[in-house]
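**Student:** Given the sequences, and given the hints that come with them, work out the whole structure.
Each chain, written out:
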Amino acid sequence: MAGLTLRDVRKSYGATQVMHGVDLDIEDGEFVVFVGPSGCGKSTLLRMIAGLEEITSGSVCIGDTEVNQVAASKRGVAMVFQTYALYPHMTVYKNMAFGLKQAKTDPAEIDRRVKAAAEILQITDYLDRSPRNLSGGQRQRVAIGRAIVRDPEVFLFDEPLSNLDAALRVQTRLEIARLHERLETTMIYVTHDQVEAMTLADKIVVLRDGRVEQVGSPIELYERPRNAFVAQFIGSPKMNFFDADELTSEAAGVLGRAADANVQIGLRPEHMIPTATGAVVEGKLELVENLGEYALVHLITAKGTEFIAKTEKPPSQAKGEMIGFTIKPELAHAFDKTTGLRLVE
Amino acid sequence: MSKRTLPRILQTPSVLLLLVWMLVPLSMTLYFSFIRYVLNSSIRPEWTTPALSNWRGLGNYKYVLDAKDFWFAIQNSVLIVSSILIITVVLGLGIAVLINRNFPGRGIVRVLLISPFFVMPAVNAVLWINMILDPVLGLQGLAVDGLNSLIDGLRDFPILGWFFNLWPVLEPISFRATQTSAYAVIMMVAWQWTPFAVLIFMTSLQSEDESQKEAATLDGASPWSQFINLTVPHLARPIAIVVMIQSIFHLSLYAEIEIVSRGNGNKNLPYLIGEFTSNNIGAASATGIFAVILANIIAIFLLRMVGKTLMD
Ligand SMILES: Nc1ncnc2c1ncn2[C@@H]1O[C@H](COP(=O)(O)OP(=O)(O)OP(=O)(O)O)[C@@H](O)[C@H]1O
Ligand SMILES: [Mg+2]
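Note that the protein sequences, when read in sequence, are chains A and B.
Heads up, the first sequence is in the working numbering, so the first residue is 1 and it goes up one at a time.
Heads up, the second sequence is in the working numbering, so the first residue is 1001 and it goes up one at a time.
Honestly, the hints are just simulated from the structure, not real lab data.
Built from N, CA and C at the ideal position, the CB exists for glycine as well.
Hints are not guaranteed to be accurate.
Chain A is nowhere near these chain B residues, computed Cβ spacing over 10 Å in every case [claimed, not checked]:
#, residue
1, Q1011
2, F1072
3, L1085
4, V1119
5, M1120
6, I1132
7, L1147
8, D1152
9, L1154
10, E1171
11, L1205
12, S1247
13, L1251
14, I1297
15, L1302
Cut-off 30 Å, straight-line C-alpha distance, at most; resulting in silico cross-link-like pairs (DSS-like, lysine-lysine) [said to hold, decoys possible]:
#, chain 1, residue 1, chain 2, residue 2
16, A, K203, A, K74
17, A, K203, A, K310
18, A, K303, A, K337
19, A, K104, B, K1213
20, A, K310, A, K328
21, A, K94, B, K1308
22, A, K238, A, K319
23, A, K94, B, K1213
24, A, K101, B, K1308
25, A, K115, B, K1213
26, B, K1213, A, K101
27, B, K1213, A, K74
28, A, K203, A, K337
29, A, K284, A, K328
30, A, K115, A, K94
31, A, K115, A, K101
**Tutor:** Okay, structure coming up:
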C-alpha cells in the first residue's frame, strides 16, 4: 500500500507538449478519479504513472520512491484497460496467473491467489473458459481479477466501464466501490462519466489541456468550483451562466452582490426556483422535457442566452411565455469573466 | 421449379468443367500407370501407342519402387519442403517483427524486402548458382579467396603469426556437387519465399492489440516472453496459411533443381517424373500417382493443423 506524489510532471511528444506540469498528492488508500474533456491528458497521466509512457520531466513517486526510472512491472501498479486487453489465447485462469508466472511465483501460491481473486469477483465458474467466450461484463471482471492477483500498491483504471451497457455499468460501478472498500488499496480511475466520478471518488482531479484545474472531494467541487470550467464540468445538466446585464433589477438584492460587467453569475439548473415575484433571471419558455421524476425546462433570455432549469413539475406556462426564477443566495456562484476564477464572497 | 433448382442449374457448367479438368488428367495418368507405354522402342514398337492390350498391372509401380532414385526422391522432397518451411517461417517472423515499427526509410525497406518474390524461379536459380554460390566466380569464391589471403597475410605477423599458421586454407564449397545441391536449392527458394512470409505476417502484426502488450509489460513479461506468449499465438493462423501455400508450391519444385545440378544428387518426385517422361510414360505416370499420394498425406497433416487454428 502506498500513496503517490506527482511533482511538476510534464510530457511532450516531440515538440508538442501535452502535460504542462501536474502537481498531485494522493493519500494511501484513496480513490482518486481523473475527469476532463476528451484529449485533456487523463490517459497520458495514468500511463505515465503506470510506466507505459516516459515522463519527460518532473517526478512521480509511489510511496517514498521515485519511480521515473523504474520499469513498469516493478512499480507495484496494476492497470485495467478500457478494451480489457485480456490475452486471447489463454484461459481465464492463465490470464490471471500470467503475471505471477512471469515473476516465477510458486505454483501453489499462484493457484491460491488466482482462486481467491476469482472468489471475490465471482468468476470461479469461468476459470477454464477462453476470454472470447465471455460477455463484456465477465471480461471486465477477469481484467480486474488479473489486476487483483498481483496484489498491487496502486490500481489504475482507464475508463473501465465505457464498453459496457448502461445497466451493467451501474452494477460494475458498485462492484468497484465495494472492491475498494474491501481491499483499501489506492485506486486511480479515469472516466468521462461524471456520475462515476461523483459516486466513486474520495478525490476528483479535474484536468484541462494538460493542467490540473481543481482537486477536491466531489462535494467541494460541486459546491465551490474554483473556476467556471470546473463549475460547468461538474454537475448535470450543466451550470447556467449569465452576464450581469441579463439579470433582473432585483437580482442584486436577492443575491446580495451587485454584479458588474466583469462578473459572470453561475446558477445550477437544480437550484433554480420558478417564482412570480423577485426573480433573479427571466426567460422565454422554449421546450419542456418531462421525465416524470422531474422536468427539464429549456429557456432563453431576452439577450439570447439559453439556459435550463430543473423543476419538480413541468411549468404551467405555455411555450413562448416568460418565466422568472430565483435562487437561494448561498447557492449562486460568481466568476470573473476574463480569468474565469471564482470570486470569493 | 423449386428455389434450389435454378441455382443448381446455373452452377452445373462450372462444376462440370472443374470435374472434367480434374478427372480427365487424373484418369489418364491412372490408365497410363497400368500399361506399358514408352515413347520410343525399336524392339517393341506396339508399346509406343497406349492400348489395353499392353496391360502391365502393378508392374510400373513395382518398377518405380525398385528404381534406385525413388526413395531418395521422396526423402529429398520432404527434406527440401520442410527445410524451406522452417527457414521461411523463422526468418519471416523475425523480419516481420523487426520492420513492424517506425523507422526512417521504412517504406523503401519494405519494398526491397518484398522484391525477391517477383524474380522468376529460373532466373533466381541462375543468379544464385552462378553469381553467389559459384566456388570460383561467385560471391562465395570471392569471399573465400579474400579470407584466405587475409589469413595468409596474418601468418607473417610477429608473435601471433604461429596462431594463424595453425589455420587451414579454406576451400570453397561446390554447390553443384552431389551432396550439396539440395542445400543450394533450399537456400535460393528460402530467399525467394521469405518475403511472402514477411508480407503475410506483417499484415497480421498490424492487427495485434497494443494494449495486450502493455498489459503484459505491466505483468512483467520480457519482450521475448511477449513474443512467445502473445505474438506467436496471434500469428498462428497466418503461419498455417504460409505453411500450407508453400508446401503446395515447393512439392512441385523443378526449375531450380534442373538448373543447379540437373538432378545430379538432388531429385524430388517431379524431377523423377520428368526423367521418366523422356521415354517411359508408364513409369512416369506411376510416379505421378505416388506424388499425388504424398501430397495428400502432407495435405491431411496441414488441413488438420490449419483446421485446428481456425477452430479456436
Ligand atoms: N503518441 C502520441 N503522439 C502525439 N500526441 C499524443 C500521443 N498520444 C496522445 N497524444 C495527445 O495527448 C493529448 C492527451 O491525450 P490522452 O489520450 O491522454 O487524452 P484523454 O484525456 O485520455 O482523452 P480521452 O478522454 O479521449 O481518452 C491529446 O491531445 C493527444 O492528441
Ligand atoms: Mg483516454
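**Student:** All the hints need checking, so say for each whether the structure fits it.
**Tutor:** How the hints compare with the structure:
Residue placement check: Q1011(B) keeps its beta carbon more than 10 Å from all beta carbons of chain A (closest about 35 Å). With a least CB separation of 41 Å from chain A, F1072(B) remains clear of the 10 Å interface cut-off, as annotated. The Cβ of L1085(B) sits about 22 Å from the closest Cβ of chain A, beyond the 10 Å cut-off, so the non-interface label holds. No Cβ of chain A comes within 10 Å of the Cβ of V1119(B); the nearest lies about 36 Å off, and the non-interface call holds.
With a closest Cβ-Cβ approach of about 39 Å to chain A, M1120(B) is found to remain outside the 10 Å limit, as its non-interface label requires. With a cut of 10 Å on Cβ distances, I1132(B) stays outside the contact zone with chain A, its closest approach being about 40 Å. The beta carbon of L1147(B) is kept farther than 10 Å from every beta carbon of chain A, the shortest such distance being approximately 43 Å. Every Cβ of chain A is farther than 10 Å from the Cβ of D1152(B); the closest lies at roughly 50 Å, confirming the non-interface assignment.
Against the 10 Å criterion, L1154(B) stays outside the reach of chain A, whose nearest CB is about 45 Å from its own CB. Every CB of chain A lies more than 10 Å from the CB of E1171(B), the least distance being 48 Å, so the non-interface label holds. For L1205(B), the condition that its CB be more than 10 Å from all CB atoms of chain A holds, with the nearest at approximately 15 Å. The non-interface label for S1247(B) is consistent with chain A: the shortest C-beta to C-beta separation is roughly 24 Å, beyond 10 Å.
For L1251(B), the requirement that its beta carbon stay farther than 10 Å from each beta carbon of chain A is met, with the minimum near 30 Å. Residue-level check passed: I1297(B) sits 29 Å from the nearest beta carbon of chain A, beyond 10 Å. Remark: the non-interface label on L1302(B) is consistent with the geometry, its nearest Cβ contact in chain A lying 21 Å away (cut-off 10 Å). Note on K203(A) and K74(A): the hinted pairing holds, with a Cα-Cα distance of about 26 Å set against a maximum of 30 Å.
For a cut-off of 30 Å, the pair hint linking K203(A) to K310(A) stands: about 27 Å separates their Cα positions. Taking the CA atoms of K303(A) and K337(A), the gap is near 17 Å; set against the 30 Å cutoff, the hint holds. For the hint pairing K104(A) with K1213(B), the CA-to-CA distance comes to about 19 Å; that is within 30 Å, so the pair holds. Taking the CA atoms of K310(A) and K328(A), the gap is near 15 Å; set against the 30 Å cutoff, the hint holds.
Annotation: proposed proximity of K94(A) to K1308(B) holds, straight-line Cα distance about 20 Å (limit 30 Å). For the hint pairing K238(A) with K319(A), the CA-to-CA distance comes to about 22 Å; that is within 30 Å, so the pair holds. For the suggested pair K94(A) and K1213(B), the alpha carbons sit about 15 Å apart, so the restraint of at most 30 Å is met. Restraint check: the Cα-Cα separation between K101(A) and K1308(B) comes to about 27 Å, which is no more than 30 Å; the hinted pair holds.
Distance check on the hinted pair: K115(A) and K1213(B) sit about 24 Å apart at the alpha-carbon level, within 30 Å; holds. Between K1213(B) and K101(A), the direct Cα distance comes to roughly 16 Å. Compliance with the 30 Å bound is thereby established for this hinted pair. A threshold of 30 Å between alpha carbons decides the hint, and for K1213(B) with K74(A) the separation of about 16 Å falls inside it, so the pair holds. Taking the CA atoms of K203(A) and K337(A), the gap is near 27 Å; set against the 30 Å cutoff, the hint holds.
A distance of roughly 22 Å separates the Cα atoms of K284(A) and K328(A); the hinted pair therefore holds under the 30 Å criterion. Proposed proximity of K115(A) and K94(A) is supported: the alpha carbons are some 12 Å apart, at most 30 Å. Restraint check for K115(A) and K101(A): satisfied, since their Cα atoms lie roughly 15 Å apart, inside the 30 Å limit.
When each numbered hint is compared with the structure, no violation occurs for any of them.
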